[in-house]
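Protein chains: 2
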Amino acid sequence: MNSNKPHILVTNDDGIRAPGLLALKDACAEIADVTVLAPSHNWSASGHVKTMHKPLRVDRVTLADGTEALSTTGAPSDAVALALLGVVERDIDFVVSGINRGANLGHDVTYSGTVTAAMEAAISNVPAMAVSLNTREQADFEPAARFAASLAEQTLERGLPDGILLNVNVPHLPADAIKGVCVTRMGLRIYRDELLKRVDPRGKPYYWIGGPEPTGIEDEGTDIWAVANGYISVTPIHLDLTAHDLLETLADWKLGMP
Amino acid sequence: MNSNKPHILVTNDDGIRAPGLLALKDACAEIADVTVLAPSHNWSASGHVKTMHKPLRVDRVTLADGTEALSTTGAPSDAVALALLGVVERDIDFVVSGINRGANLGHDVTYSGTVTAAMEAAISNVPAMAVSLNTREQADFEPAARFAASLAEQTLERGLPDGILLNVNVPHLPADAIKGVCVTRMGLRIYRDELLKRVDPRGKPYYWIGGPEPTGIEDEGTDIWAVANGYISVTPIHLDLTAHDLLETLADWKLGMP
Chain B
0 MNSNKPHILV TNDDGIRAPG LLALKDACAE IADVTVLAPS HNWSASGHVK
50 TMHKPLRVDR VTLADGTEAL STTGAPSDAV ALALLGVVER DIDFVVSGIN
100 RGANLGHDVT YSGTVTAAME AAISNVPAMA VSLNTREQAD FEPAARFAAS
150 LAEQTLERGL PDGILLNVNV PHLPADAIKG VCVTRMGLRI YRDELLKRVD
200 PRGKPYYWIG GPEPTGIEDE GTDIWAVANG YISVTPIHLD LTAHDLLETL
250 ADWKLGMP
Chain D
0 MNSNKPHILV TNDDGIRAPG LLALKDACAE IADVTVLAPS HNWSASGHVK
50 TMHKPLRVDR VTLADGTEAL STTGAPSDAV ALALLGVVER DIDFVVSGIN
100 RGANLGHDVT YSGTVTAAME AAISNVPAMA VSLNTREQAD FEPAARFAAS
150 LAEQTLERGL PDGILLNVNV PHLPADAIKG VCVTRMGLRI YRDELLKRVD
200 PRGKPYYWIG GPEPTGIEDE GTDIWAVANG YISVTPIHLD LTAHDLLETL
250 ADWKLGMP
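Sequences listed follow chains B and D, in order. Take the first sequence: its position 114, counted from the start at 1, is 113 in numbering that gives the first Met the number 0, and no numbers get skipped. Take the second sequence: its position 69, counted from the start at 1, is 68 in numbering that gives the first Met the number 0, and no numbers get skipped.
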């Protein structure tokens, strides 16, 4: 595996046994040499983790199609950190995370293990992409995988500025029903979380964060609008969270030590 | 505790027993009614978590000064979600997270339990602030706590736009040695993580993500520059991670389904 092809790291947050990972690996293998290093279990909504208080295992495993992969006890972002720090010996040209079962739109991005794995790569100035499919059901990952590989190929050719990742969301439609591809901005999610209080067999209360799936505001030009209207959404994401338009207002507050 | 004062929720990521939490609670109690709901253990570098795959406990505990507080098995962002979803009955006007032992500068913000707790509030359009002290040692939290309370008071008075949080970093200096307060943008962190491979008593390898503390690029006007030069840094943070300046470039790629 030391060809002249680029080298792609594939990871995810649904865990090493997820069918979305396999579909993504297969599609990427058409255009690159691929190493898979993914979490041993599901890390949905786990956020951007750097595991420093406990050690991490890395094990060789065999995927459902008989190919070799690496699995780790760490989070998705840990998997990327481990790979870039040397667990994977060959230099990595591109990191692709997914294909997540469930969209990662709007404010989902800071919660999402899929997206924060790609953030981890972007922080190390390795170009990266997160890919999610807008369904929670049994899914056909093939159209999303095919698009992801073609976008990876283009991105490797054209390059991305340092610190940028692409957040890709694909509607769950047959390939020929997908209307096209929109470059989008992040939309506004509407979370509908509800507190569910239960009582355990010993009479003590405990809580679930429950409630229906989030919706979102379908402003034209946003990721939420694109997927809701049958388009693949590609959002360029950076890690400068500064609210630049507030800097002046806050400076006018004339803050000082009390 | 149903006075005319505003109601502040205090949380953190170092855990309910951390002295930085107590200092922050005391300072906020000078200007508001305070409820403490914080994780039962340390969640450093845990990221933006929404715990949905397991239930969460909330317990009444007594802090070192004899006051009552709530502790949860969830992450810092879960603590905020639980409080806003109704575990805390009274409406919350402001969320303050900290005082973290260790700065949260530049790219630290997406990893940080302290900052992602404040993000959780901002996503629900509750104004919020994360406060961190730039030391890993035994620390005097008093100057940072005093500044945090005064900034909370001003923010409650003036208001913040929806979806905004303030990321506050305080240099570890005596109050009279602090040079002033700078409104800053996020700087660039330089992580120096190293992979440490060890072998367990049964001959199997495991890995630590180790290495020295991160440094950063001391560009004037950034959070990293301010703290390094003896100023308190206040960075307005929003959750629109769109790289707006790349939208046009990517649109020119003319992406489509392959």
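Hints listed in this document are in silico derivations from the structure and should not be mistaken for laboratory results. Incorrect hints may have been included.
Here are some chain B residues the structure puts well away from chain D; computed CB gaps all over 12 angstroms [as the list claims (entries may be wrong)]:
1) Asn41
2) Thr66
3) Ala121
4) Glu136
5) Glu156
6) Asp161
7) Ala227
8) Asn228
Here are the simulated DSBU-like pairs of lysine-lysine, each with C-alpha atoms no more than 30 angstroms apart in a straight line [to be verified]:
9) D:Lys253 / B:Lys53
10) B:Lys53 / D:Lys178
11) D:Lys53 / B:Lys253
12) D:Lys4 / B:Lys53
13) B:Lys178 / D:Lys253
14) D:Lys53 / B:Lys4
15) B:Lys196 / D:Lys53
16) D:Lys253 / B:Lys203
17) D:Lys196 / B:Lys253
For every residue, glycine included, the Cβ atom is placed at its ideal position computed from N, Cα and C.
Between the alpha carbons of Lys253 (chain D) and Lys203 (chain B), is the straight-line distance 30 angstroms or under? violated, 58 angstroms
Does Glu156 (chain B) clear chain D by more than 12 angstroms, comparing its Cβ with all Cβ atoms of that chain? Glu156 (chain B) is in fact no farther than 12 angstroms from some Cβ atom of chain D, at 10 angstroms.
Pairwise hint evaluation, Lys253 (chain B) against Lys53 (chain D), where the allowed Cα distance is 30 angstroms at most: violated, 45 angstroms
Examine each Cβ of chain D, and state whether all of them lie more than 12 angstroms from the Cβ of Asp161 (chain B). violated, 10 angstroms
Are all C-beta atoms of chain D more than 12 angstroms from that of Asn41 (chain B)? violated, 7 angstroms
Is Lys178 (chain B) close enough to Lys253 (chain D), meaning Cα to Cα at most 30 angstroms? Roughly 14 angstroms separates the two Cα atoms, so the pair holds.
Given the proposed pairing of Lys4 (chain D) with Lys53 (chain B), does the C-alpha separation stay at or below 30 angstroms? violated, 43 angstroms
Holds or violated: Lys53 (chain B) with Lys178 (chain D), Cα cutoff 30 angstroms? Violated - the C-alpha atoms of Lys178 (chain D) and Lys53 (chain B) are around 38 angstroms apart, more than 30 angstroms.
According to the definition I'm using, a residue is off the interface if its beta carbon is farther than 12 angstroms from all beta carbons of the partner; does Ala121 (chain B) meet that for chain D? The assertion about Ala121 (chain B) is violated, with a minimum of 9 angstroms to chain D.
Taking only the CA atoms, is the gap from Lys196 (chain B) to Lys53 (chain D) under or equal to 30 angstroms? The hint holds at about 13 angstroms.
Please work out if Lys253 (chain D) and Lys53 (chain B) have their alpha carbons no farther apart than 30 angstroms. violated, 45 angstroms
Examine each Cβ of chain D, and state whether all of them lie more than 12 angstroms from the Cβ of Glu136 (chain B). holds, 17 angstroms
Checked against the numbered hints above, the structure violates hints 1, 3, 5, 6, 9, 10, 11, 12, 14, 16 and 17; every other hint is satisfied.
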